[in-house]
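So you can see what is in the structure, the chains are spelled out below.
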Amino acid sequence: MNVLEIHELTRKFGDFVAVDNMNLKVREGEIFGFLGPNGAGKSTTINMISSLLRITKGEILLLGKNITKHSRFAKMNIGIVPQDLAIYEEMTAYENIYFFAGLYGLRGNELKERTAEALEFVGLSDRAKELPKNFSGGMKRRLNIACAIAHKPKLIIMDEPTVGIDPQSRNYILNSVRKLNEMGSTIIYTSHYMEEVEEICSRIAIVDHGKLIAEGTKEQLKSSITDTKDIWISYKSEQPLDTERIRQIPGVTQVLDDEQEQLLRVWSKAEINNLNLILQQLIQNQVEIRSVDEKAATLETVFLTLTGRNLRD
Amino acid sequence: MNNPKIMLETWSIFSRLFLLGFVIWESYFLRKPGSGWSIFVYLIVICFLFAGQVLRKPKPRQAAALLSAGFLAYCAGHFELPLLYLLLPASLTEFAAGMKPKVLGPVLIFVSAWLIPQQVLALYIAAAGISWLGHTLIRVSVEKLGVQNERNETMNADLQRLTKALIENRELARQSEYTIKLEERNRLSQQIHDEIGHSMAGALIQMEASKRLLASNPDKAAELLGNAIAISKEGLEQIRLTLKDMKPKSEEIGINRLRLFVDELSAKQGLAASLTHEGNLDAVTPIQWKVILENATEAVTNTIKYGEADHVHVHVQVLNRLVKAVVADNGKGSDKVVKGLGILGMEERAASLGGTVITDGSNGFSVITLLPTGGQEVPHGAGS
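Residue numbers (our numbering), protein chains in the order written: chain Z, 1 to 313; chain P, 1001 to 1384.
Okay, chain Z solo, but in the shape it has when bound (with noise of 0.2 Å):
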């Protein structure tokens, strides 16, 4: 089933074309990834499925009903966690969760309850009563999505949550998004950090100058430009390598043996997994093994393939 899809949408500001006819579906249960440099219109995305911004053209459906005319069944389904800081420093991290969460339309009982396990899932239990301009960058963006999930919305949006915290913190902060994925919850993750969107999305779309050039997971994505790794083994051996046999393990496609710099190249179908088989070979041939060093097409790769640019230019 499809949680959010999306028909070609398009907004423009003047003249300027912010996203240009996107076509999206997210299925449930998926950690969708929305990967492009700054300025591709990520955000415009986000803020026209979040209903901050009007659409030019198209429609966005949230499980299959149109957001700009159900606002308030999209509202109440949808859990954003913005790119900027959207809490009052002025109030408890407790009292922010519970405003937030209020203003989604829980109360009583079930409001308190599902605070706290809001500020429980984000490990902030023990600062509740705190100030949050007393926080950390790291902390504040843990307390800003927990006032977006205390709700438990279907679908969960971050617009950039990563930026510009410490690496502890980002770990946390791409561990609970997995937990939330594991609870059941689908969401979208806007990042230009393509390491972050490699490790934790199971589906990646690539928007440059707002329109959808690739999406597929990841794998898909790196066979799009190419179907071959390239493996780069460095060893110690007094005699010759025998090539022969590892040119016959399964997806080799080439070998090469640089016997003074001591280096072998293997050359390989990048969806065969045969590095092991490779490196038994090697071992059972007493040959000391320094280093393995694997250049597969990476994200960063894909997107510098296809456009000719880096994603942090």
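Worth flagging that the hints you see were computed from the coordinates, not collected in a lab.
By construction, the Cβ of each residue, glycine as well, lies at the ideal position given by its N, Cα and C atoms.
Treat the hints with care, since some could be wrong.
To be verified - Covered stretches of chain Z (in silico footprint by chain P; criterion: 3 or more residues with CB under 8 Å from a CB of chain P, positions within the stretch not fixed):
hint, segment
1, 201-212
2, 303-311
As the list claims (entries may be wrong) - Listing some non-contacts, in silico: residues in chain Z with all C-beta distances to chain P over 12 Å:
hint, residue
3, F16
4, N66
5, K222
6, I289
With chain Z's structure known, arrange chain P on it following the hints.
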């Protein structure tokens, strides 16, 4: 499209009815109860009012207006209904509307002001001002509408012309494709006739001869048969060669056309152009080459028109499941790309093959056409 005109006419009727209503109210209720004649006069005035709108042609319309003015002036004097003078300007303006000097209306109104009794003079001038303004407003609006309609028509004509050109171009493309096919077929049949046909005939004669000699001179027959076999072999080889020769590799048509295009650019436009490619060009189908070539032409047209560039580079790269064609210039680029017909056309062509076009103006201007090829699909992950 006539709606505004009708609206304005209705407005004019109602404004005058309103004025008439005012006159009736003033003279009937506030001054003195009128005689039976006054009601008759009012009804006639209403008739004149509608007559002006019912008559379509300008001449009778003016006549009606003039008649109405005369009638008003007469009745105002005769029945002592001075307020009727207030309706005079509207009729006069309508009468003067079609006449040449545009000031005729105001002049008539001004002149007739001398006829007006002192007590209603101020009101008369106000009413004159209002009806003159109203009329001018209507005239100006109708004129504007005319201009808009005219523009609309020229644009429609343009659209038709362009559509026609488009259809003609399509026809031309189809025609040239057909011509090329025809040429190929002719060449093929010519070659079959010239070479293979002759050797087949030769072999046949030798075989016939050998059949006759088989009984009387078996040695000679064997020799002839040997000849026939040799000729047939040669013929077979020739068939192979001909077919190989005939069938151009699809990539050669594509990349060579593109190369020709790039060379022509350098030669004719004085724009330094280069072409590179990587990957296996076999994977690109002729229809994809067509889109690549057309998009390249369009992109280069943009470069020449707006780019202020002195170099343009075309790069075709065949990836695993995509073919990417880049046209990049070193011109001034553009911060915000405003899509014109050119870019829309490129997008449409690419979309027809399931591809996309990426334009980027941040560093010179580049247009990337991405088209999916029938490369290998990854088996795992596809269903997730």
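Comparing the hints with the structure gives:
Residues of the segment 201-212 of chain Z with a Cβ under 8 Å from some Cβ of chain P number 6, which satisfies the need for three, so the listed coverage holds. Three residues within the 8 Å Cβ limit are the bar, and the segment 303-311 of chain Z against chain P gives 5, so the coverage statement holds. Under the 12 Å C-beta cut-off, the non-interface status given to F16 (chain Z) relative to chain P is violated; the minimum distance is some 5 Å. The claim that N66 (chain Z) lies off the interface holds: its Cβ sits roughly 25 Å from the closest Cβ of chain P, which is beyond the 12 Å cut-off.
Look at K222 (chain Z): its CB is around 8 Å from the nearest CB on chain P, not clear of 12 Å, so calling it non-interface is violated. Every beta carbon of chain P lies more than 12 Å from that of I289 (chain Z), the smallest distance being close to 27 Å; the non-interface claim holds.
Hint check: violations occur at hints 3, 5; the rest are consistent with the structure.
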